[in-house]
Structures are given as C-alpha cells and as structure tokens.
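Chains as they are written, first to last, in the working numbering: chain X, 1 to 105; chain S, 1 to 153.
Each hint should be verified, as a subset may be incorrect.
[As the list claims (entries may be wrong)] To spell it out: a stretch of chain S is covered by chain X in this simulated footprint if at least three of its residues, at any positions, have a beta carbon under 8 Å from a beta carbon of chain X; those stretches are:
{"id": "1", "segment": "21 to 29"}
{"id": "2", "segment": "41 to 55"}
{"id": "3", "segment": "80 to 92"}
[Said to hold, decoys possible] Straight-line alpha carbon distances no greater than 30 Å define the calculated DSSO-like cross-link-like pairs of lysine-lysine that follow:
{"id": "4", "chain 1": "S", "residue 1": "K151", "chain 2": "X", "residue 2": "K92"}
{"id": "5", "chain 1": "X", "residue 1": "K92", "chain 2": "X", "residue 2": "K104"}
{"id": "6", "chain 1": "S", "residue 1": "K150", "chain 2": "X", "residue 2": "K92"}
[Stated by the list, open to error] Some, not all, of what chain X presents toward chain S, calculated at C-beta under 8 Å:
{"id": "7", "residue": "V47"}
{"id": "8", "residue": "F69"}
{"id": "9", "residue": "V70"}
{"id": "10", "residue": "L82"}
{"id": "11", "residue": "G83"}
For the record, the hints were derived by calculation from the structure and aren't laboratory data.
For each residue, glycine too, the CB sits at the ideal point set by N, CA and C.
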Amino acid sequence: MESVLHITTLHYLVLGAALFLLGVIGVLTRRNVVIVLMSIELILNAVNLNLVAFSRMWGGLHGQVFAIFVITDAAAEAAVGLGILIAFFRNKETVNIDEVNLLKW
Amino acid sequence: MLIGGILVITRRNPVHSALALIVTLLAQASIYLMLYAPFVAGVQIILYAGGIMVLFLFVIMLVSIERSMKERQFNSQWVVGTIAATALGGLFIAVYAKGKNIFPTHALSTVENNNTQRVATMLYGQYMFAFEIASLLLLVAIIGAVVMAKKRI
C-alpha cells in the first residue's frame, strides 16, 4: 500500500504525456484558431512538466531553468500568434483555420 | 488538471476554453510546488495565468465569436487527426510498457532550500548567453506582434 501511494517521476511523465496528447488532439481537430493556440500552450506545458520532473529526479536545477526559457518562448509565441490572428481576422472576417487556404494547390 | 485540458479542447465557446485553460495552468503550478520548484510555479502563475491568458481573452474579445460559435467546431480532417493522435497515444503506451522499469521507484530526492536563489545564480551564470538570446527573442516578438496587429504598415 505504501509503494502504491508513492508519487514517482513516472507518474509525472504519464501526466505530461496525457496532457501532450490532449494538446495534439486539439491542434489536429479544432477549427477555431484561438483554441488551436491554446492547445499549443497545453503542449508546451506538458513539456515543461516533463522538464521539471526530470530536474527533480536528477536533483539538479537545469530542468527548471530550461522550463523558464520555455515559458519565455511560449509568451513570445502567443504574442506573435495572436497578432497574426488579428491581422488574419481583419482580412477574412473569420477565425476558422480551414479558411487559411491561400497556399493550397 | 486533465479535466481542465479536456474542457479546453471540447468547449464551443472560446471563453469557456480559456477559463478551463486557466484551471489547467493553476493545477500545473500546484504540481510544480509538489516537485519543489516554487520559482517555476510563481512564474507559471504570473506569466501564464496572468499575462498570456489576459492576452488570449482580449483577442477573443476582439475577434467576434458569435458567428463562429454557430458553425461547425471541428475541421474536415478531424477523422485523420483523431487517428493520428490515437497512433501517438499508442506509441506513448508502448513506450510506457517498455520503459517503465528504467525509472527509479524509490521516493524522490530530499528538499533543497533557497531554490529561487540557486535558479537565479544558474540563470545569470551558466545560462547567461541563453538568457540574453531570450531577451532578444522577446524584443523580436514585441516588434512582430505590433507590426502584425497594425492596420496599415
């Protein structure tokens, strides 16, 4: 019973994988660009969870520092992505991702 | 946390999705606290749940959501997308079945104190160059976002 209740690195990794999978499903199936960007945030958070869990496992802090860099990148990505979204909405009056088909053959 | 994630990708109203994402991010901050990473937890709450989510909500307010809520919510490739995601999930399960024994099963290492101080020392010492590059990236992102959202360049 005691060993069942221990939370090890593996549990965190399974949680991270599940969150990553949810993000992938969201990116691949949703139609609203805003929700696709939110799913990308979910994926980045899953990666962060793995980084911090491994940093805990090895006892160092490199993973946490790297997680902070990933958060910085997520902020930059969200800002630019939402800027693109506003420009796109101004041109096409829609937020559906399958109307972004100018480059389609 | 997983319930919040599921809600993010299933809600029809983007505002509800955003609120579910905030729940997910706060739950993840508490998991960082469980992993003895208080600085990352604080950064997560302030930056993600504070900054990025406000940005998302503002953009949802700017683009009109009334029309898109009445339309189809999933794109036409959703079958292929779901199959691909299921394949990825099967891959994860296979990796789990193969490699679950390589991780240590004993309890994780003990608490270290002054976590924030050590993170800062590492950030400004060993990772100084990466830190500067990150600041440059943020500058580029600011300029890019302003240019993208401008009416006329």
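Hint check, failures only | Violated hints (numbers, rising): 7, 9; every other hint is consistent with the structure.
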